[in-house]
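J.: Chains as they are written, first to last, in my numbering: chain A, 1 to 103; chain B, 1 to 103; chain C, 1 to 103; chain D, 1 to 326; chain E, 1 to 326; chain F, 1 to 326.
Simulated from the structure, these hints should not be mistaken for laboratory data. Predicted model, so just to flag it, every value in this text is computed and none were measured. Just so it is clear, CB atoms sit at the ideal spot from N, CA and C, and this is done for glycine as well. Watch out, some of these pointers could steer you wrong.
Below, a sample of chain C positions facing chain E; criterion: calculated Cβ distance under 8 Å [to be verified]:
(1) Glu14
(2) Met17
(3) His47
(4) Arg50
(5) Gly52
(6) Gln53
(7) Ser81
(8) Val82
(9) Arg85
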Amino acid sequence: MQTHQAKRVEITIEAVMENRLTKALLDAGVTGFTILPVLGGSGRSGHWSREGQVTRAGGMVSVICIIRPDRLDSLLEAAFSVVDRHIGVVSVVDCEVLRAERF
Amino acid sequence: MQTHQAKRVEITIEAVMENRLTKALLDAGVTGFTILPVLGGSGRSGHWSREGQVTRAGGMVSVICIIRPDRLDSLLEAAFSVVDRHIGVVSVVDCEVLRAERF
Amino acid sequence: MQTHQAKRVEITIEAVMENRLTKALLDAGVTGFTILPVLGGSGRSGHWSREGQVTRAGGMVSVICIIRPDRLDSLLEAAFSVVDRHIGVVSVVDCEVLRAERF
Amino acid sequence: MSDMLALAVGNLLSPIILFFVLGFAAAFARSDLSIPEAVAKGLSLYLLFAIGFKGGASVAAHGIDATLLLSLGAGIVLSFAMPIIAFGLLRLMSGLSVTDAAAVAGHYGSISIVTFVAASSVLQGAGIASEGYMVAVAAVMEAPAILSALWIIARFGQSSAKMESGLIREILLNGSIVLLVGSFLIGWITGDEGLDMIAPFIVAPFQGVLCLFLLDMGLVAGRGLREARSVLRPALFLFGVLMPPIGATLGLGFGLLLGLSPGGVVLLMTLAASASYIAVPAAMRVALPEANPSIYLTLSLGVTFPFNLTLGIPLYLAVVRALTGA
Amino acid sequence: MSDMLALAVGNLLSPIILFFVLGFAAAFARSDLSIPEAVAKGLSLYLLFAIGFKGGASVAAHGIDATLLLSLGAGIVLSFAMPIIAFGLLRLMSGLSVTDAAAVAGHYGSISIVTFVAASSVLQGAGIASEGYMVAVAAVMEAPAILSALWIIARFGQSSAKMESGLIREILLNGSIVLLVGSFLIGWITGDEGLDMIAPFIVAPFQGVLCLFLLDMGLVAGRGLREARSVLRPALFLFGVLMPPIGATLGLGFGLLLGLSPGGVVLLMTLAASASYIAVPAAMRVALPEANPSIYLTLSLGVTFPFNLTLGIPLYLAVVRALTGA
Amino acid sequence: MSDMLALAVGNLLSPIILFFVLGFAAAFARSDLSIPEAVAKGLSLYLLFAIGFKGGASVAAHGIDATLLLSLGAGIVLSFAMPIIAFGLLRLMSGLSVTDAAAVAGHYGSISIVTFVAASSVLQGAGIASEGYMVAVAAVMEAPAILSALWIIARFGQSSAKMESGLIREILLNGSIVLLVGSFLIGWITGDEGLDMIAPFIVAPFQGVLCLFLLDMGLVAGRGLREARSVLRPALFLFGVLMPPIGATLGLGFGLLLGLSPGGVVLLMTLAASASYIAVPAAMRVALPEANPSIYLTLSLGVTFPFNLTLGIPLYLAVVRALTGA
Ligand SMILES: Nc1ncnc2c1ncn2[C@@H]1O[C@H](COP(=O)(O)O)[C@@H](O)[C@H]1O
Ligand SMILES: Nc1ncnc2c1ncn2[C@@H]1O[C@H](COP(=O)(O)O)[C@@H](O)[C@H]1O
Ligand SMILES: Nc1ncnc2c1ncn2[C@@H]1O[C@H](COP(=O)(O)O)[C@@H](O)[C@H]1O
Ligand code: NA
Ligand code: NA
Ligand code: NA
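So that you can see chain A by itself, here it is in the shape it has in the complex:
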């Protein structure tokens, strides 16, 4: 089938920053994103897990954003402006998509 080049950006970020990140993405012209829950993880700031948590400070989410390659830079800048002072990981993968008109 006919597919099209795109970029898949994955941003793992603290849940408290989710709204600020997605707002920045939409402002940067992103047409859509998908948010995945995260159970736990480990990094320089230690180990964490969602189990039994009632505080809203602890968890993270993963925001997946598929975009046209030419929009990558503005997206990364928007993302970076939010994650800059915060913990979080940004990774980009080359991908191919069906129905390119959406992105």
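Guided by the hints, dock chains B, C, D, E and F with the ligands onto chain A, whose structure is given.
T.: For chains B, C, D, E and F with the ligands alone, coordinates are given in the frame of chain A:
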């Protein structure tokens, strides 16, 4: 370690269509898949979130399917036949796998 | 923006093995990982779903690990030593990351 | 009139309504208050379990009325017929496409179980009895409206609704129907003895759980409305508050005709007046993906549900009281 | 005999059983009824919390019986011994590999807490008292069977079960055991005063929560059975209904020997007759990944659990009644 | 003195404390016992809902005290002032950076609702009444401390705390505050009639639910402490047990000044003594990401919460008893 070329297909689709999609995938000869929950997202049809939902109409899931490259086309056709009229995103990434005999 | 080459390793494994896997990864020098919940799936050992489960034997999780390319081999060996006898899928994708000093 | 007003105010100041309002307000103020999806689903399972079981136990206690079968029949007829009325009205009043109008119409033929529960709780507060089998009537009214909507599309629409094999089974065996009917049957079989066993779980705490659930409904309805304000043109809003009294009138007619008790009539009116937000939206996403979900969900959850909860139910009760002197 | 029949029918028509049957039927009809994982886990935590606490409070009220320690010992012996019997039986009857047979055997040495709860609730319905510390016996019977199964593998199998460091701690400190034993101790320490405080939470609504939980067990067992029908050859099915009475007989012997009350004997029989579906499957996935989980889960959840729930428990009770005249 | 000891031991042996200890011990023993996040959140929503409603209903029953507004004012003043004291103390005692010290200080100005609930339950056990509106005082004490902490940073720190638009709204409308205040208002509006309706849900089972919730708090606190042992230097630990009595002393002063009932004074002391673990950590992550969360979460959840629960509350009660002869 010895790895093998494969494709990682990610299909984000409405939860009500999950069974129809996975059935189509299995019919197309896929040997396995993994289903991830999705918390929320945004796209042309607006913003949504799982929080507090009781309706079964609202949510989405993400179906991950790793396959041998030569099977990609039949998988995409099967997937497309289901997502065609529905909202959803299909993306494909090149990957490498251990234990290729499984795919 | 300035990005750096890295590898994104995704290991889908039984939840009961999660701690053993993450311990092996940390022992192999991995600096961080993220754990995603998995709702269900299908493979050679049949179909499963988390719905209504109370047994701890049934579920799987997906461990995402982003690393510098030169560390891939030791990571894969560590992962393989755990998944070897167990069901599970390991896939590797080339990616680019911001803030490379973290990995 | 002043009595009705007092009743309406009394209803509006019940904890149940106020928690709905709290949720609604919190959503509009963009508070991050939210109930986890699993907990909301758990509360909804509890309500179906409790209301079904109590209905069945009440049938066991009072015997089957001769009108049980007729009431079921009336429910099915209403559920089949109302989408056609709703569709006609929508095409007249609003500029909705055939597809969107049919999808909305399907929702208004079917029912909302939590509206039914709220009406039962108002009746209970007023000390008015009703037929236990109205729960079964609620259950049979869920599905026929979906078939009606699909028939409307096949008859008037260009886009072909996909009536694929499996969909009908999915509709008839959807989780809410199975739990409601199953609990009803178990309540019936085990009767008072069964009820005694589990009453401390399904009777005493019921109203409190309902408050929490309505808080969630308020949050979800408020958020939906905030996001989808743009689709809610005045004509649609008007439909959302006009269709319930029309349905209620049909319910009233059938109820009186069948000779239901005053409480039973109020419940049948409420069922006819209410719009689905669980079973029908899911079926529409599968069979009619082109229809815009913001329209039907906003109307059903954001307009008709609050209308029935706050004004509709006291109105239906007042009408029945006026007519029957109950 | 006709008494026993009446008892069996009475048992079969209790809400608890009927909700299990509802779940089972819904799963087989492929309804999408389901209970969110978090809610199911919450219900299971509630049951462990409640049953443990009540057991402890009952010990506080009635004092420790001289037989407490002996009963714990009996439980441990049973849990160690039954896998060996089960393994022998499986190798005789079925064509299972050593690995699969050992894994299954481990499940039958251990226990199912919800079967225990169901038996307690039948006893309570029949007004028969039992020793509060049977909860502690249940707890000590969870783990030894796992060690037995691994020993069987080491002795008879080619594949080496991995008894790695950490596994034993994981088994002994698994969440269910810790919550059950912890609640038991807290119930014991705080006694009647503690029980009074939380009785409205753990006593009154208990049966209702149990119904919901058994609905979930029915759904899970039904779905498992539907998917794994193929593995369930007649010989295996036979084992799944033969092993419980064998275990119960051993439990009966020990119970009479120890001089437990009639209720206590029924509970010990039930424990011995039941098969694990929480702790042992998890341990087997870690230590014996080559064993096929469909076999042991299907047998334990899909065959033995329903058998005990519907026929086993009334049978064990009838036997004890016949023998002791209770 | 010996009375106080008896009280302390009695308190330590209550189910509530013992379940906290169970969770703590299970976490330290690395048991896999855990409560699903959705269930823990559901329990926390339940507590806020119940405590808010009961507070409001009590205000409806006893009328507003002249001191209501003054108490709210006192709460706000305390919440603004205590972070400054805490910050000074931390800079004196510990080597924490300005950023970390300010973040910790913010937590101690704000409050922990579950500590408040535990104190209410101790008062109830001792048969001591208190002002229903103390719930509202709790609500107004949540947020001011955050502003204080940010002001401290702006005044003394290099790193600029980001007081971006939206943060204030987020803090004031955070879910716990909205639910607590909303339930309080609904309880007030609907009064005894409303309370009668939902009492079987929010009164009778309350203590039992609290036990489960404290089990979860024990698990979370224990795990946090185990992972973050390294950050917990002696000076910090000392601060975590010194700051509560300091806060309580301030609360005592205000409480006596305002002429609150003995129960009310104990609650105000407890509020002042407690440290936030829900609202403030979330605000700090947003506004002060450079502050190390292990430090403030460990201190608040792992040191101060257990201290108040086990020793603090009985101490505050004993002091009030000694002073007022209650
Ligand atoms: N190398 C990595 N691969 C995947 N996820 C990571 C990695 N490093 C950090 N993370 C995630 O980002 C969170 C914060 O990381 P850190 O800022 O290093 O503490 C962790 O808890 C993980 O969920
Ligand atoms: N560009 C995108 N990247 C990632 N996910 C997307 C994207 N666009 C849409 N989605 C997901 O697909 C859903 C439906 O999209 P749409 O059909 O555009 O409304 C959204 O709610 C998102 O979860
Ligand atoms: N080809 C695949 N693509 C994605 N996930 C897979 C695939 N095969 C197996 N899995 C996942 O791994 C689990 C175990 O697979 P298996 O060992 O083949 O039974 C499945 O239940 C899926 O969750
Ligand atoms: Na209707
Ligand atoms: Na057994
Ligand atoms: Na404080």
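J.: If a hint holds in the structure, say so; if it doesn't, say that too.
T.: We went through each hint and held it up to the structure:
1. Glu14: holds (6 Å)
2. Met17: This hint holds: Met17(C) lies near chain E, its Cβ roughly 7 Å from the closest one there, short of 8 Å.
3. His47: With Cβ-Cβ at 6 Å, under 8 Å, it holds.
4. Arg50: holds (5 Å)
5. Gly52: Holds - the Cβ of Gly52(C) comes within 8 Å of chain E, reaching about 5 Å at its closest.
6. Gln53: Holds: closest Cβ of chain E sits about 5 Å from Gln53(C), inside 8 Å.
7. Ser81: Nearest chain E Cβ about 12 Å off; hint violated.
8. Val82: violated (11 Å)
9. Arg85: Where the cut-off is 8 Å and the nearest Cβ of chain E is about 5 Å from Arg85(C), the hint holds.
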